[in-house]
Structure formats: structure tokens, C-alpha cells
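Model the full assembly from the supplied sequences, consistent with the hints where possible.
So the sequence lines, in the order shown, correspond to chains F and P. Take the first sequence: its position 247, counted from the start at 1, is 247 in our numbering, and no numbers get skipped. Take the second sequence: its position 67, counted from the start at 1, is 67 in our numbering, and no numbers get skipped.
In case anyone wonders, no lab produced these hints; they're calculated from the structure. Beta carbons: idealized from backbone N, C-alpha and C, even for Gly. One thing to keep in mind: the hints can contain errors.
[Claimed, not checked] A few chain P residues facing chain F, derived, Cβ under 7 Å: (1) S12; (2) T14; (3) M15; (4) Q17; (5) L18; (6) F21; (7) T86; (8) G88; (9) T106; (10) K107; (11) P108; (12) A111.
[As the list claims (entries may be wrong)] To spell it out: a stretch of chain F is covered by chain P in this simulated footprint if at least three of its residues, at any positions, have a beta carbon under 8 Å from a beta carbon of chain P; those stretches are: (13) 97–109; (14) 120–132; (15) 135–144; (16) 217–224.
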Amino acid sequence: MSGDRKDLFKNGEEFLQLFSRGAEFTKELLIENERLRASLAVLEQEQADASKTPEEWDKYRDELQTRLQDLEVECEGVRVRLQQVEAENQQFAARYLEIEEENNNLANLYIASYQLHSTLDLAEVLKIIVEIVINLIGAEIFAVYLLDGESGQLDVAVSEGAERSEFPSCSDPGGIIAKSLETAVPVCGDPTRPSNLEEPIVCIPLIVQNRPIGLIGIFGLLQQKDGFSALDHELFTVMGGHASTALFAARLYSQSERKLNTIQGFIDLLTE
Amino acid sequence: MDRKRILIVEDSPTMRQLLVFALRRLKDVDIIEAQDGMDGLRKVSSDHFDLALIDINMPVMDGLKLISLIRGEDSLRDIPIVVITTEGAKEDRERALSLGANEYLTKPIQANRVLRVVQSLLKGESKT
Numbered sequence: 001m002s003g004d005r006k007d008l009f010k011n012g013e014e015f016l017q018l019f020s021r022g023a024e025f026t027k028e029l030l031i032e033n034e035r036l037r038a039s040l041a042v043l044e045q046e047q048a049d050a051s052k053t054p055e056e057w058d059k060y061r062d063e064l065q066t067r068l069q070d071l072e073v074e075c076e077g078v079r080v081r082l083q084q085v086e087a088e089n090q091q092f093a094a095r096y097l098e099i100e101e102e103n104n105n106l107a108n109l110y111i112a113s114y115q116l117h118s119t120l121d122l123a124e125v126l127k128i129i130v131e132i133v134i135n136l137i138g139a140e141i142f143a144v145y146l147l148d149g150e151s152g153q154l155d156v157a158v159s160e161g162a163e164r165s166e167f168p169s170c171s172d173p174g175g176i177i178a179k180s181l182e183t184a185v186p187v188c189g190d191p192t193r194p195s196n197l198e199e200p201i202v203c204i205p206l207i208v209q210n211r212p213i214g215l216i217g218i219f220g221l222l223q224q225k226d227g228f229s230a231l232d233h234e235l236f237t238v239m240g241g242h243a244s245t246a247l248f249a250a251r252l253y254s255q256s257e258r259k260l261n262t263i264q265g266f267i268d269l270l271t272e
Numbered sequence: 001m002d003r004k005r006i007l008i009v010e011d012s013p014t015m016r017q018l019l020v021f022a023l024r025r026l027k028d029v030d031i032i033e034a035q036d037g038m039d040g041l042r043k044v045s046s047d048h049f050d051l052a053l054i055d056i057n058m059p060v061m062d063g064l065k066l067i068s069l070i071r072g073e074d075s076l077r078d079i080p081i082v083v084i085t086t087e088g089a090k091e092d093r094e095r096a097l098s099l100g101a102n103e104y105l106t107k108p109i110q111a112n113r114v115l116r117v118v119q120s121l122l123k124g125e126s127k128t
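See the structure below:
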């Protein structure tokens, strides 16, 4: 009897397992059914789209082609504009560099002229000329000649790189010294020429009201200076103009000071 | 942003004016001038500086002496130093760099070059 009951329980368990597997299978079938429904809906929509007439398709294709052509034209326009902007950008960058360089050059010229007119002391003016010729022009061997009012000779007033006596006399000038004094403009020789004291590489005449009062002769350049830039030529011109007037004004001032002191001495003598 | 302090040690007023003019284009920078090596040493010892521009040929104390004194002082040895000089010989350059200069520029100077060098050193892009 007990054996029959055991069999009965066993059969019952097997039935329950079979039933639960059936339930799981049914769930899977429902999920699959749902998925198929969704696929069917998509297919039905695609079928509906595909069922448009050939005319509708042609119209749709024409619209797309027109749109594509418009976009291509627009894209080409944008590409051309981009190239223009890039070219403009390069021009602005180049212009910026030019302006920056111009600004630096003007600063050099401004500072040179500012310093030259910052004093009425002759020794100071000569010192400033020396500073400018060394630091801004890049000369190593040079002399500033000044016209002696009594002898009418151009004598070395200050020099750098060699003793005053080593510089050539300007009593009977030739070469570029004579040329610069005749033309009243700075004259440049070959800047790559080795330094020597026979003839200057650059000669800057110092002229006031068409009369020479001196000259700056550059006989040798600093070793790192291998040529003259546009700024150098501007500096030669500035030196020719501003150094002349600064020297002339300083000389006049010292003369007037001397005369004033002499007159003051006489007045003091008379009033004592 | 911190303001940077730059010391210019140069005996020529013309060069000082030129350097000040160039460096004024930098933002947030204070520029202090010294007229010779001794004046420069006094100023660099008594105040903080982020960079020094030093000429070589100067009265009282030359630039090389000043550089060696700065590099010998613990509190000053990290200041970037730019030499600006007329001396263009290779041995002069090597001597200044061996004493501790970070950059060596020869006269006549180009303001843009000075600006680039100063800017890179202030950013900490030191050569040495």
C-alpha cells in the first residue's frame, strides 16, 4: 500500500514539474508573440511607405536632390568664405607684425631724438650720441668730429674703439666723408667690410642751416652686426638732423653761459 | 594675477628707456631700473624680483660680477637673468651663461626678441 502512495506522490511531482515547464513555455510564447506583433507593425508601416506611387517617389527624390544641390552650393560658399577669412587672417597677422616692427622702429627713433634733446650740456650730448651709435646702431669703432670755429677744421671730439689720434684727419677729406659733406646726407659703404681706420663705413654729416658743424664717422661695426636695416638708415637720418641741432644748441648754450658769466663778472666788478 | 617685477641693470639711459618701452607692453609688470652693477645688487638684494636684465659693461660693478654675486646668494639664485650686451664673441656668451645667466642677447637689441625671451622666462621656461 505504502508503495502505491509513493508512486502516486512521485507521479504528482512529475505532473507539477511538467505543468510549471508548460507555464514557462507559455510565458516565452507570449513574449515572442509580442515581439512578432512589433515587427509586424514595422513591416506594415514599411509596406505602407512602399506602396507610394512611382510619381510620389520621383517627387520625393527630386526634392531630396534639390536639397542636396542647395547644400552643396551652400557648402561651397562656406568653403570660399573660409578661404577668404583665412587669407584675411594671414594678411592681418602679417600687417600686425609690420605694425609691431614699425612701432619698435619708431620707439628707437623717438628715444634717440628724446635723449639727444634731453640736455644742453655739450659733454652730455656727446655721451648720448656715443650711446646711440653703440646701442642702437651697433657700431664698435667710431668718432664724432666737430668743426673748430677758429681753425675751421673738423676735429675728433669723442671716439670709441680707438684713440682720437688714430682716426683720420678731415682737413682734406676724400671718399665717403667728402661725399657726405657735399651732399649733406648720410653715406653708407659696405657694412661687411672689415673694420679699418682709413675710411668710414658710414659717414653722417652734422649739418645746421646748410652749414656743416661736424660729422659722425663709423669705421667698424660690432661683430654680430652684419648689415644695415631700414631702421639703421632712419637712425642715420635722425642722427644727422637731431644730433646736429642738439650739439649746436649745447654749444650755443655753453657760449651764452660763458658770456653771461663774463658780463656778470663785469657787473659785479662795477657794482663793488 | 600676481604682478611681476623686472629689474633692468644698465648704465645707458638710452638703453634703459628702450627696454622700459619694450617691456611696458607686458601686462601686470613693474619695471625697476638700476644704473650700474652696485645699484643693481642693492636693489635685487632688498626687494623681490621675478627677472633681471643685466648689461655687461658698466661702471662701478660690471654685469658678470653682479651675476656671480646673485647666483652665489641662496635667496637670489633662482632669479632668471637675461644678459644684454654689445659683446658678441662666443667666449663672452659662454662665460656669462656659465656664471648663471639664462639668456644672452646682443645689442643692438630687437624689442620683439627681448619680449619673447622675457615672457618665456617669466612663464618658467628657463634654459638653464
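- Task: Identify every previously stated hint that the structure contradicts and give their numbers, smallest first.
- Result: No numbers; nothing is violated.
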